[in-house]
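Kindly produce the complete structure, drawing on both the sequences and the hints.
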Amino acid sequence: MGRYIVRRLLQLVPVFIGTTFLIYWLVWSVPGDPFAGKCGDRPCPANYIQVMTEKFNLDKPLYVQYFTYMKNLLQGDFGSTFGGRSINDLIAAAYPNTIKLAFVALAVEALIGLTAGVLTGLRRNGFLDNLVLVSTLFLIALPTFVTGFVLQYLFGVQWGVIKPTVSNPPSFTELLIPGFVLGSVSMAYVARLARTSIAENRSADYVRTAIAKGLPMRRVVGVHLLRNSLIPVVTYLGTDLGALMGGAIVTEGIFGINGIGREVYRAIVTKEGATVVSIVVILVLVYLVMNLLVDMLYALLDPRIRYE
Amino acid sequence: MSDPNMSSMVTTPRAEQPTAPGATAPTNAGLPENQRADKPRGLLGDAWRDLRRKPLFWISAFFIVLFLVMAAFPSLFTSADPSYGTLSRSRVGPSADAWFGYDVQGRDVYARVIHGARASIMVAVLSTLGTVLIGGLVGVVAGFRGGWFDAILSRVADIFFGLPFVLGAIVILFTFNPPGANRGEFEIIMLVVLSLVLLSWPVSMRIMRSSVLATKEADYIVAARALGASNLRIVFKHLIPNCLAPLLVYSTILVGSFIGAEATLSFLGVGLQSPVVSWGVMINESQNYIRVSLYLLLFPAAFLVTAVLSFVMLGEAVREALDPKMR
Amino acid sequence: MSEVVITDPEFSMTGRPSGRLLEVEDLHVEFRTREGVAKAINGVSFHVDAGETLAVLGESGSGKSVTAQTIMGILDQPPGHVSGGQIRFHGKDMLSMSEEGRRKIRGHGIAMVFQDALSALNPVFTVGFQIGEQFRIRKGMSRADAKKRAIELLDQVKIPNAKQRVTEFPHQFSGGMRQRVMIAMSLALDPEVLIADEPTTALDVTVQAQIMDLLADLQRERQMGLILITHDLGVVADVADRIAVMYAGRIVEEANVHDLYARPAHPYTVGLLNSIPRIDEKGQELRTIKGLPPNLMRIPPGCPFHPRCPKAQPVCVEKVPPLRVVGPARGSACHFAEEVLRGE
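Chains as they are written, first to last, in the numbering used here: chain P, 1 to 308; chain Z, 309 to 635; chain W, 636 to 979.
All the given hints hold, so there is nothing to weed out.
Straight-line distance between alpha carbons at most 20 Å, and here's what the computed SDA-like set of lysine to any residue pairs gives: (1) P/71 with P/81; (2) P/271 with Z/486; (3) W/774 with P/223; (4) P/163 with Z/599; (5) P/163 with Z/595; (6) P/163 with Z/602; (7) Z/524 with Z/454; (8) W/739 with P/223; (9) P/71 with P/21; (10) W/925 with W/866; (11) W/925 with W/937; (12) W/739 with P/207; (13) W/774 with P/217.
Think of the hints as simulated: they come from the structure by calculation, not from any bench.
Here it is as structure tokens:
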């Protein structure tokens, strides 16, 4: 297991460099004047351009810029925006909100998705099963921003149950509806995955064995069936947490949550290259590490899996 | 199983009678001749037999054909000009004249929704084609060649896969299609397609690669190799036909997801832009007015959801039909 | 060998109350599928007493495994459906019992050994957990006591190093050892009847003999009733007291094991015996039964075996031959059983 982790970590390095370099290249080396529109309607003063060019090494070849940037980053310095604000502060202010939202969404997925999936997997083809199948299809088909708008309109405007936008920093209750919106598509997948998995395992030989041992039905289902069926679901939830922590540009935008997704969108629109790259670097790192953790979780849950 | 109410929506209804061959002459039934009634059908024939009994399949197929016709010949559905607007009828609600009302600039929403089908579906279909072709090809090569070749291609795929989807698309589109760039309709569409393909091909590559890896060691491939078949022949004659099913199912669902993705990008202001009409563009334009004129959001959203749902349902139906375990 | 009470097969068909351990009477099971109704079991009757081994012999699709599953109450319902008959344990019909009543019999009264131990054991729990679970749940023992009992059981089925192996997972055992674990698990609650469904089919030939010997020893020690389900005539010869041969969901012959081998009373049994390869006939073509077992959705009228039977006559197409007494303690379901017995 130890050797496996080391090998996986080594494999992460080229992927990490590749992805971040790709973004760096897209953000910095695109044709066009990086200072266009930075200083209002007038062109920027020459001395400002000079300071900034030096600061971001804009006159050097791209790979030099990239590695200088990475060197600073490894020392914990994300640099600063064109306006001089520390990107470290910016991330520190925004990321906790994103993580909060991600966990609310994960809780929604796990609670509602799992319940629906387990119930329908145990009783296939009933009324509930068909209801869940149809509604999960709908959720999968609904783009997040439509779900977001509709729920914001219904709960925020029509019924006035929630404030249409959240306060900063948001409380957990305020994040319930945004979390539901963000988690809705994955919730549908969780429900379907759990349903299929349970239905498949339900007729497995070891479930018959458990029944033949004379165990009560709730133990057959609760211990033998669930423990096996939930392995793919739990790993899916883990992977999804990695994706959720990548920020939710749409959901954060609709509900005005001051999270990493909104910051990165703002940075793209205002052409804050350093901020875009910094945030993407963090998100890619989180994503890659989460995937590794999920693989290890998988080995933990299923004794048949052995990595070497 | 006997619950008749909704089950027909999503599950296969049971046939009323056993299939016809069961009615062979009763006296010689059981003789070896009647074994031909049990002759195995091919996987595809079986899948089709299963598929055509599903109402779900027919409903989604109907909508897909409808949307395709809408995209190809919008004038069959409306004679109004989708881009003509007068401010005097700005945000006038649905009426007998204009079923879906008028938008902020006084343009006919119904005509725009109909004409929006073309861009939305074109983006989705082209992106799917690109994704499936590139991803599938790379997957076949990686899976078949194996070794360091596979390792490198897989890492390259990882690099693209590591980018968060929406974020990556925004960065790409903002770089190559900044707001106010005033590119032509075709150029914008191709840029959106390109960015979607660039970010999605790793998934279809992985699907293809793993099914090639699983099939490569199958006895019939080994046999073909032993008989001296060339690599090219093995790949095109044996490998690809046998590995295609999972990719096809995925691509059906992908068309639906791409319709949604295009809308999301347009909603964020980096996808298609006016003068192009698409459902996503319409939703984007409506977002500041949803509190007062909700219908501006509802009509394009309804078309969008129906289209996505049709493709997702079709993929679902095909997957279930192809998966012998579900039967 | 223990004293075996050989009974008239007619007896078990009359359904008189008796002191029998396990009796199956006129059992009918069908599978209702989309394609039609498959009649898997069509009036099967047999019984097992304490200390007795009954082998149920048949090809795949003959209904032998479905019979076992129906007795255990682990038939997949739907599509399976018990459409008639009784299964009496100590004289009480289990089919009319509550689910809770049946559950109490499982493990304690009747236990089962499955064919493929790899899939029948839960892959994510240790073997100790899976054996000990029964003591904990059914007898309220502590974890430590349950583990101790699990080790004892592994010892009894002759697994070396039971103390260490009790914490291992099923996939860490070899095929033969895994089947021993399966047997240990089925014996945990001292069942009165053990049903072994093709217990050696998934194993190497050398290991097969060891497992059969183990089962025979355990059966003798514990005076259990053993129902041995198999398709392999060779497996049962040394172990069984009586044999019931099944074909198309019916018992076509039932006899004391010696009688059956010496003088079969049904053409199907004759075919089965002839198809065993014999050393003294080396070089000759293997004799097989022509044709295939019938499709259970379209069982031929009359005797289900008639399309494959060398002795078939017009009467075989018209009338279903009942299982009838054709000699001391033996029955056959053939219109011409007497001729077959005489070896004609």
